[in-house]
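In order, the protein sequences belong to chains U and L. Here this note's numbering is used: the first residue of the first sequence is 1, the next is one more, and so on. Here this note's numbering is used: the first residue of the second sequence is 1001, the next is one more, and so on.
Keep in mind the hints are simulated off the structure, nothing from the lab. Keep in mind it's a predicted model, so treat the numbers as computed, not measured. No residue lacks a Cβ here, since even glycine has one placed at the ideal position from N, Cα and C. Hints may be right or wrong, so weigh each one.
[As the list claims (entries may be wrong)] Covered stretches of chain U (in silico footprint by chain L; criterion: 3 or more residues with CB under 8 angstroms from a CB of chain L, positions within the stretch not fixed):
| hint | segment |
| --- | --- |
| 1 | 359-366 |
| 2 | 403-414 |
| 3 | 431-440 |
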Amino acid sequence: MSKTKIIKSLAFKTTLQLFSIIIGVSLLAAVVIGIYIHNYLAAQFRNYAYEAALKGTAVASSKLLTSDHIGIDSYIKSGKVDENYENLFLNLLLIKDDYDLQRCDVFVPHEDHITYVISSDSQIAGEFLDKQDPYYGEEKDYVSNAMNASLDTELDPEKSTRQNLYTQNVKDGIKVVTYYMPVLDENGKAVAVFAASYSSDKVFQTMWIAVSRIIGISLAVMVLSVGILFFSIRKHVIKPIAQLTRSVRTMKENVKNKQAVSTNIRTGDEIEELAVSFEKMNTDLIGYIDENTRMTAEKQRIDTELGLATGIQAGMLPDQFPAFPDRKDFDIYASMKPAKEVGGDFYDFFLIDENRLGIVMADVSGKGVPAALFMMHSKILLKSYTLMKQSPKAALEEVNRQICEHNPEQMFVTVWLGVLDLKTGVLTAANAGHEKPAVKQAGDRFALYKDKHGLMVGYMDGVRFKEYELQLTKGAKLFLYTDGVAEATNANEELFGTDRMIDVLRTVENKPPKEIVMAVDAAVNEFVGTAPQFDDLTMLCIEYHGA
Amino acid sequence: MEITVNKNGTELTIIPIGRIDTATAPELQTVVDENISGVTDLTFDLQKLKYLSSAGLRVLMSTQKIMNKQGKMRLVHVNEDVMDVLDMTGLTDVFEIE
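The shape of chain U in the complex, shown without the other chains:
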């Protein structure tokens, strides 16, 4: 379908354009040639008329003036014709036919009229009428020019003074050119005028015949050339293009099968160039697809590994709830949702001994794999030193020292580290640049607890951390989180903020930790809406029931 369309449009377009050009050129040529032919013919006809006039004048002179010496005046006066006059009339008709004239007359001009002597026009032939003349009356000047001309000089064609003797006018509805010649007596005196008129329409007719022949011949030549061109285009342009089109159609298969394409187009012109480029493109494409396949495989490998890493990271955090099903003195729940496959946030909790629970909430600077690696390191150190030192302050200082020892990327981690005495409800905690915890004492409402802040872990060696104690009442709740909660951003670039967080916490403050965490998570998700999750989202909630 589309193939035929291509062939049609190309061949027809070219042909059409050629036709327009050739027709334009032919028309121009016809006009130029027509004008040339017209001028040539006009001159030619004028010459004929001139010759006719010369000849007619001579005949008229001999017949009217010399042979029987009867003279023009006697014809005019007597109104009688003789054999000689009849003879002249026949000669006049012969001249008219020979030279293809419209009409010829001999007349004597007067002041305000002319007297016909003889005319080729049958209507007045043989009559000697003294009358106002419709045929020559308008051209007095030329008539008088003729009467005053001398044959030797002014009538000599070489001297080009004939303009005075001919004029062009429409007479009896026909466009004619009229020549006026003097009829001389034996003394060389002009006694009458010979007028020869020929139709200039004949010039046009003759010209039209010539021009239409030219147009006819050029049309024939044109149709032939365009026909040849049409088949040439089909052979040298359209067929190779159609072949190329077929190759393009099968390209997908060829590329898929990694098969180089050979179009076999050897036209030695731009089309071959195009075909060769296409073959190269095909080969290049196979190369690129190979490359792309390799890269995709590589990406899949990385994705798989990241998936495994996510599993390992998640597996490192205590995520089985209830975490301590046989303990009635506290209930704990936590969740971590990384923004990328692996995150930098983490939480941790562990029993140091029968009566003390270690709680960690931390946020590593940056995201993704670097943050995750740093997070693993930090998490292990924090748990180990908390178990070893049993004091948040001492543990943080030791972890800071360990991290600062080898930290070329200058990464850091904000940490809230607490140890809860489950017997007494005393919480000992230290905050290394982390968010303020939210605390709800029994019978009270959730509020941010403005604890003492120290520098984050990993920034500077030898930092001292501040430790504080907080007495939890029975039924108290502690909510820990990372900046992913406080700084969750919606499409309008508004931050979720701790105020909103406290509001949400207060609506669910009497629920168990799991429901509290899920409520905040839901509220953050609703707030963020369609905006992408940009930071890890990590929360932990513990409820102290008392010993």
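With chain U held as given, fit chain L onto it using these hints.
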């Protein structure tokens, strides 16, 4: 984020406008890296800073470490939100804040 940089001999003023978060912090790092050589007096003008994330803090902190060796660095026009972040991270003791 947009960053305006004014350098006058060994004095350098960097004015970040908008948010410095994980996505834009590398831009700030690049600006610092390109201009810090030979600077003895570095000022961060934070008047038009709306938000400073931990990634941005990291840039300020690493810059502070460089400036500890070659001159001094200070933060001016610190607004309340940014000051909260600095308070929380304990960095008010580390930076010179005016």
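For each hint, the structure was consulted:
For the segment 359-366 of chain U, the proposed coverage by chain L is satisfied: 3 residues have a C-beta within less than 8 angstroms of a C-beta in that chain, meeting the threshold of three. Check on the segment 403-414 of chain U: 4 of its residues sit with their Cβ under 8 angstroms from a Cβ of chain L, so the three-residue criterion for coverage holds. Coverage of the segment 431-440 of chain U by chain L holds. Counting CB-CB distances below 8 angstroms, 5 residues qualify, and the rule asks for three or more.
Every hint, counting from the list given before, is met by this structure.
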